[in-house]
Amino acid sequence: MRCPNCSAETSDQALECDFCGHQFIDGAGTQSPAPPPTPPSGLGRATFSASEPTYTPPQPSYSPPPVHSDNPYSANYPSSSRPSNQGYAKGSVPNHLVWAILATLCCCLPGGIVAIVYAAQVDGKLAGGDYEGALSSSNNAKLWSWISFGIGGFFTLIYFIAIFTGAIADPGRY
Amino acid sequence: MENAAVSRLAWAAMLLAGLLVVFLLWQFDPNQAGNPFPPCPSRWLTGLYCPGCGATRALHALVHGNLEKALSMNVMFVFAIPLVALLVLHQLVKLPSAMVLVATFFSDARPWAWCLISYAILRNLPWYPFSLLAPG
Numbered sequence: 030m031r032c033p034n035c036s037a038e039t040s041d042q043a044l045e046c047d048f049c050g051h052q053f054i055d056g057a058g059t060q061s062p063a064p065p066p067t068p069p070s071g072l073g074r075a076t077f078s079a080s081e082p083t084y085t086p087p088q089p090s091y092s093p094p095p096v097h098s099d100n101p102y103s104a105n106y107p108s109s110s111r112p113s114n115q116g117y118a119k120g121s122v123p124n125h126l127v128w129a130i131l132a133t134l135c136c137c138l139p140g141g142i143v144a145i146v147y148a149a150q151v152d153g154k155l156a157g158g159d160y161e162g163a164l165s166s167s168n169n170a171k172l173w174s175w176i177s178f179g180i181g182g183f184f185t186l187i188y189f190i191a192i193f194t195g196a197i198a199d200p201g202r203y
Numbered sequence: 042m043e044n045a046a047v048s049r050l051a052w053a054a055m056l057l058a059g060l061l062v063v064f065l066l067w068q069f070d071p072n073q074a075g076n077p078f079p080p081c082p083s084r085w086l087t088g089l090y091c092p093g094c095g096a097t098r099a100l101h102a103l104v105h106g107n108l109e110k111a112l113s114m115n116v117m118f119v120f121a122i123p124l125v126a127l128l129v130l131h132q133l134v135k136l137p138s139a140m141v142l143v144a145t146f147f148s149d150a151r152p153w154a155w156c157l158i159s160y161a162i163l164r165n166l167p168w169y170p171f172s173l174l175a176p177g
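Read top to bottom, the protein sequences are chains A and B.
So the first sequence is numbered by our numbering: it starts at 30 and just counts up by one.
So the second sequence is numbered by our numbering: it starts at 42 and just counts up by one.
These aren't lab readings, by the way, just hints derived from the structure by calculation.
Heads up, some of the hints might be wrong.
Said to hold, decoys possible - Derived CB-CB ranges, DEER-like:
1. B:Ala53 with A:Gly157: 37 to 45 Å
2. A:Glu161 with B:Trp85: 33 to 41 Å
3. B:Pro123 with A:Phe193: 31 to 39 Å
4. A:Ile192 with B:Val134: 33 to 41 Å
Stated by the list, open to error - Far from chain A, by Cβ distances over 10 Å, these chain B residues were calculated:
5. Val47
6. Gly59
7. Leu60
8. Leu65
9. Gln68
10. Leu112
11. Ser113
12. Tyr169
13. Pro170
14. Ser172
15. Leu174
What the hints assert, rightly or not - Sample of chain B residues facing chain A (criterion: CB under 8 Å; computed from the structure):
16. Thr145
17. Trp153
18. Leu157
Even glycine gets a Cβ: it sits at the ideal position worked out from N, Cα and C.
Bound-form chain A, shown alone (with noise of 0.2 Å):
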C-alpha cells in the first residue's frame, strides 16, 4: 500500500505510515484525505491552514470507488474516495457475466440471452458513471440466469422423465 499523504510504501495492514504518521482510515483502502493529526513540522501545516485538522465522515458503504486508472486493482485500492463522474471500475457492481454465458450456451434458451443483455447494460451503464443503474441492470441479469437455468433443468426434468415412461423415444439430435 501508498500512502496517500508522502507515497511512500507501506505493509498492507498498517494503521497509520511509518513516515509521516498519516493515518489510514479502514484499511479496504478509504483513506481519509484529511491532513495528518501531528505534522512533524510548521511546513505541513501551512498547506492545509483553510481545513480543520478532522476527518471528513466515511463514504457511505454503498459509494462505488471511483476510476483513477485501467489497474484492475483500482477496484479495491483506489486512491481516493472522492466520487467521480467519470465511469466506476469495471467490476464494481457484478455483471453476473459467467452465469449468463453458461445459460445461454448450456441450456439453449432466450432467458440466456436476456440475461447477457442486462450483463451488457452493467458494464455500460457503470463506463457512463450510472451506479444505480448499473445495480438494478445487475440484479436483472441474475434473475435471468437463475430463470434459464430454472426452465432448462425443468425441461431436462421432464424430457427424462418422458423418456424413462416411454413417451417419447427420440426426439432428435439437436
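Please build the complex by placing chain B on the supplied structure of chain A, with the hints as guidance.
Okay, now just chain B, sitting in the frame of chain A:
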C-alpha cells in the same frame, strides 16, 4: 473458514460434474439415436439453432480428441470453453496477476453480448459462409 468450506464444496461439485459429463460423453454418442443426452429445448420448440446448439456433440468430439469436428459443431462454444473456465476460476480462487488481467479483459459483457446475439442470428442463415456455423 466458512468461505473456504464453501469454496472447497464448489470445487468438489464442479470436479464431480465435470468427471460425470466426460464419462457420459465417453460412454454414449450424442450422434446416435436413443442417446441419453437431452436435446436443445428451443430447437425442439422453434426449429431454430440457438447459440448452444451442437454443444453436446462438440464436447463429445473434444472428449474423443476430434477438434475439427468439435469446431464444425459449435465453433463459438469451443472457443468459449477456456474463457468461461477462466472466468469461473477468477470468481472462485485468487489467480496469478497475469491471469487476472486476462480475466478482467474478458469479463466485460458487452463484446460477449454482441458475439452471442450475432452468432444466434448468423448460424440460422442458410447461405454458404454462415451455413458453416450451423451444427454438422
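Here is how each hint holds up against the structure:
no. : hint                               : verdict
1   : B:Ala53 with A:Gly157: 37 to 45 Å  : 41 Å, holds
2   : A:Glu161 with B:Trp85: 33 to 41 Å  : 40 Å, holds
3   : B:Pro123 with A:Phe193: 31 to 39 Å : 35 Å, holds
4   : A:Ile192 with B:Val134: 33 to 41 Å : 37 Å, holds
5   : Val47                              : 17 Å, holds
6   : Gly59                              : 13 Å, holds
7   : Leu60                              : 17 Å, holds
8   : Leu65                              : 13 Å, holds
9   : Gln68                              : 16 Å, holds
10  : Leu112                             : 15 Å, holds
11  : Ser113                             : 15 Å, holds
12  : Tyr169                             : 22 Å, holds
13  : Pro170                             : 22 Å, holds
14  : Ser172                             : 17 Å, holds
15  : Leu174                             : 14 Å, holds
16  : Thr145                             : 4 Å, holds
17  : Trp153                             : 6 Å, holds
18  : Leu157                             : 6 Å, holds
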